[in-house]
Amino acid sequence: MKAIPRITRLAAAWLAAALVSALLISLSTSQFVLWSLQNVGAEITWSNRLFMSVADLRILETLIPVMLACFLVGFLVASLCHRLLGMSTLFWNSLAGASSIVVTLLLMSWLMNLMPIAGARTTLGMIAVALCGAFGGLVYDRLRNSLMSTRNSND
Amino acid sequence: MIKQLTNLAVVISLFVGASSAIAQEYQTITEGLDNPWAMEFLPNEDILITERTGQLRIVRDGKLLDAPVQNVPDSYYAGQGGLLDIKLDVNFADNQRLYLSFAHGKRSANSARLVSAKLVASDGDYLLEDIKTLFSSQPEKRTAHHYGARIEQLADSTLVMTVGDGFNYREQAQTLDNHFGKIIRINTDGTIPEDNPFVETKDALPEIYSLGHRNQQGLAIIDNQLFEHEHGPRGGDEVNRITPGLNYGWPIATFGIDYNGARISPFTSYEGTESPLIDWTPSIAPSAMTEKNGFLYVTSLAEGSIRKLEVTPSEVKDLGIVYPELSMRLRDIAVGLDNRLYVLTDGSSGKLIRIVD
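Those protein sequences? They're chains A and B, same order as listed. Mind the numbering: the first sequence is residues 3 to 157 in the numbering used here, read in order. Mind the numbering: the second sequence is residues 594 to 950 in the numbering used here, read in order.
Looking at chain A on its own, in the form it has when it is part of the complex (with noise of 0.2 Å):
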């Protein structure tokens, strides 16, 4: 069987990485809005819960791009920092899936003077949001680990 080549095993790993990131953003934004209605005396059912964290998904086609730009360039940066800085490459691309997306929202909410995301208002949500962000970072490393592995034994 002829080898996947690099780039296109690189290539899967950093899309599932922003999908898996996106798709938990949209989940974890949702359940921060629906607080902050709780918290002015909206009563919410699970059901409502349920209803809203389907709705959201919708923000998936404007999040996965936003995700994917976010981390092309922290994941070579975190590439990088582990051939300059040393240390494992789990800790680089967590930290450069966490970091590439609260810097985005940052600088977008410097730009445009508010915050695009509303679950990412409070310190909370944005700390939620950095979370998804290394989770990505983690799906990615794992997996790109995994696929060069499966390479050098194709090899």
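To be clear, the hints were calculated from the coordinates, so they are not data collected in a lab. Glycine is no exception: its CB is placed at the ideal position from the N, C-alpha and C atoms.
Residues on chain A that point at chain B, a partial pick, calculated with CB under 10 Å:
hint, residue
1, THR31
2, LEU39
3, ALA57
4, ASP58
5, ILE61
6, GLU63
7, LEU116
8, MET117
9, GLY121
Starting from the known structure of chain A, fit chain B onto it as the hints suggest.
Leaving out everything else, chain B in the frame of chain A:
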């Protein structure tokens, strides 16, 4: 060949006829306004126009004067902020007082402010004197969006002003300890009317007249009833009849969704909140409203239209777009001394247009 030429002549004559009809229906009074936001008609037929960039301009005999009104308070010009609404006092002929609303402060701490001032004529120019700050919204915010800032004067002479939710602070429209997403009511000297709905409520700000609004840029009165419209996000633009003390739902109940496609709330209606009399989904982006001959006229930015609304005791009916040829982003609408409608177009090359139907 002769038939083709005849057809061409008919088409040209129809085009010329239609063009002249449009020219007769709409008359551009002046242009070159920099982000105009609101206008008022003085008894001497001068027209005052606020520019969001901070100038209060004068239109006299159809010409925009170079010199603006002097001594206008500094405003914070950014995002949707700047010098916003203007309203003459009901007794302007006697006291020459007017009201201005504007964004005040700086990027990290700004608010919607309402001042009163005396308009003084001097050698053909105007200046403001005796400027008094009547109201500043609290707390200050870090965004330059959703100021509201539309002013109206009720039959008892008290002033109402809209205060938007500041965009990032939308849930605070539901609580009474701040001015975000509220309509406030004060006396013309800035004191609080004793019959405001929340003056006796613990921890409530006494200026609050109604709550649960987003970014309300239209106010008008018909038969002593106050009507308001507000921008929704994507969809959910609303027209409401304002009753003191009531909650108009934002952001718990809305037909709009966020700009990125996310839901604002699972609810389009919610117990204890008022549903809109009109919901515009998709958004038309209503920018201003005026009353003429018992009807409400609403200008819009996104739709670029004027809509006519019929008010009945139980409902408000949207009669649809009037003057469809006037299709552009419209920022303000008012009735002139000649009882005709005037509109301001939006943007850095704004125009004042009279509708001459």
